[in-house]
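K.L.:
If you want the building blocks of each chain, they are given just below.
2 protein chains.
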Amino acid sequence: MRTIETIAARKSYRGKYDAAPVPREELVQILEAGLRAPSGCNKQTTSLIAVDDPAVLAQLHAVIQPPIGETAPAMICVLTRRIIAYRDRTYYVQDYAAAIENMLLTITALGYDSCWIEGHVTDVDRIGDQMARILGVPEEYELVAFLPIGKAVEEAKLAKKLPLESRYSFNRFDM
Amino acid sequence: MRTIETIAARKSYRGKYDAAPVPREELVQILEAGLRAPSGCNKQTTSLIAVDDPAVLAQLHAVIQPPIGETAPAMICVLTRRIIAYRDRTYYVQDYAAAIENMLLTITALGYDSCWIEGHVTDVDRIGDQMARILGVPEEYELVAFLPIGKAVEEAKLAKKLPLESRYSFNRFDM
Numbered sequence: 001m002r003t004i005e006t007i008a009a010r011k012s013y014r015g016k017y018d019a020a021p022v023p024r025e026e027l028v029q030i031l032e033a034g035l036r037a038p039s040g041c042n043k044q045t046t047s048l049i050a051v052d053d054p055a056v057l058a059q060l061h062a063v064i065q066p067p068i069g070e071t072a073p074a075m076i077c078v079l080t081r082r083i084i085a086y087r088d089r090t091y092y093v094q095d096y097a098a099a100i101e102n103m104l105l106t107i108t109a110l111g112y113d114s115c116w117i118e119g120h121v122t123d124v125d126r127i128g129d130q131m132a133r134i135l136g137v138p139e140e141y142e143l144v145a146f147l148p149i150g151k152a153v154e155e156a157k158l159a160k161k162l163p164l165e166s167r168y169s170f171n172r173f174d175m
Numbered sequence: 001m002r003t004i005e006t007i008a009a010r011k012s013y014r015g016k017y018d019a020a021p022v023p024r025e026e027l028v029q030i031l032e033a034g035l036r037a038p039s040g041c042n043k044q045t046t047s048l049i050a051v052d053d054p055a056v057l058a059q060l061h062a063v064i065q066p067p068i069g070e071t072a073p074a075m076i077c078v079l080t081r082r083i084i085a086y087r088d089r090t091y092y093v094q095d096y097a098a099a100i101e102n103m104l105l106t107i108t109a110l111g112y113d114s115c116w117i118e119g120h121v122t123d124v125d126r127i128g129d130q131m132a133r134i135l136g137v138p139e140e141y142e143l144v145a146f147l148p149i150g151k152a153v154e155e156a157k158l159a160k161k162l163p164l165e166s167r168y169s170f171n172r173f174d175m
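Going down the list, the sequences are from chains A and B.
Mapping of the first sequence onto my numbering: position 119 corresponds to residue 119, and the numbering continues sequentially without gaps.
Mapping of the second sequence onto my numbering: position 158 corresponds to residue 158, and the numbering continues sequentially without gaps.
Hint data in this document are derived by calculation from the structure and do not stem from the laboratory.
You can trust all of the hints, since none of them are fake.
When chains are identical, the list treats them as one kind, so a pair holds in a single copy or across two.
Calculated pairs, EDC-like style, for lysine to aspartate or glutamate (alpha carbon to alpha carbon, straight line, at most 20 Å):
{"id": "1", "residue 1": "K43", "residue 2": "D123"}
{"id": "2", "residue 1": "K11", "residue 2": "E155"}
{"id": "3", "residue 1": "K160", "residue 2": "E32"}
{"id": "4", "residue 1": "K161", "residue 2": "E32"}
{"id": "5", "residue 1": "K43", "residue 2": "E165"}
{"id": "6", "residue 1": "K157", "residue 2": "E32"}
{"id": "7", "residue 1": "K160", "residue 2": "E5"}
{"id": "8", "residue 1": "K43", "residue 2": "E142"}
{"id": "9", "residue 1": "K151", "residue 2": "E26"}
{"id": "10", "residue 1": "K16", "residue 2": "D52"}
{"id": "11", "residue 1": "K43", "residue 2": "E139"}
I would like the entire structure built from these sequences, with the hints used as guidance.
P.N.:
Printed below as a string of structure tokens:
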């Protein structure tokens, strides 16, 4: 799928998924696309865990309340380390966001659906920390988001956005 | 260019650029790709200014010290608003990072080179604020990054990264 078409086709899908497994080779393509994203001062602060074992998926979804993506046959959990880029500056949020966007595009290009789920797991109930314990994640990493992966069985729709031309201008602020 | 190949081919280019202008239609494709990125709670916090007027580029580069991307025939300046997504939570950093990644991939797919320049303009000398004043950007927006755009005249190299397989595992943390 061509890059520009993939970007235009990417959707945030919150419905039910087909149970068919995602082949490991495709999960590896998605993981590697994420890890090829740029990172501030090349600190490579993002790490990933792909989950396709139904028993582990069930353990994770038992703590993800309210449920989301619970019928997807795979998920990728996004881990970050708050590594200093220079002086007191960090770019780990930018780093994992770019990695997630690369993965969402690759998921779309491979014909799967997904959704960037972050606020749900990093809010005050700290669901991400419970997921990290289930996965044996060391203390210095933080689980900040996950992406369910599979084929949508309901209609996936593009988000409604402001007209794009109302959000850019040329050579000076004029929008 | 296919999505997965584009992701693998994207480079951070810091050298000199060919002076040939980037056609407006291609700049619009890049801007729209950025604005199609997802945003937390669909708050669409990112806005963009494309600069291709040589006089405006010269004004901007006069404040970008030390210089970077100063020979590029175009640049895109990235603006954000710290809009609350819900309660006290914001996702504007994730939002603009995803928009930047979409633009870097589109730039690559169209055969151009670029680099994500952020720390350079948001550091304590607040170069981004000076750029924003030149562009007439209102107070509620913050200029957080820019992307030079053009064709590299020197060799563009992939960043050296840790082996990708050292940054992911399946079903539990094992890396």
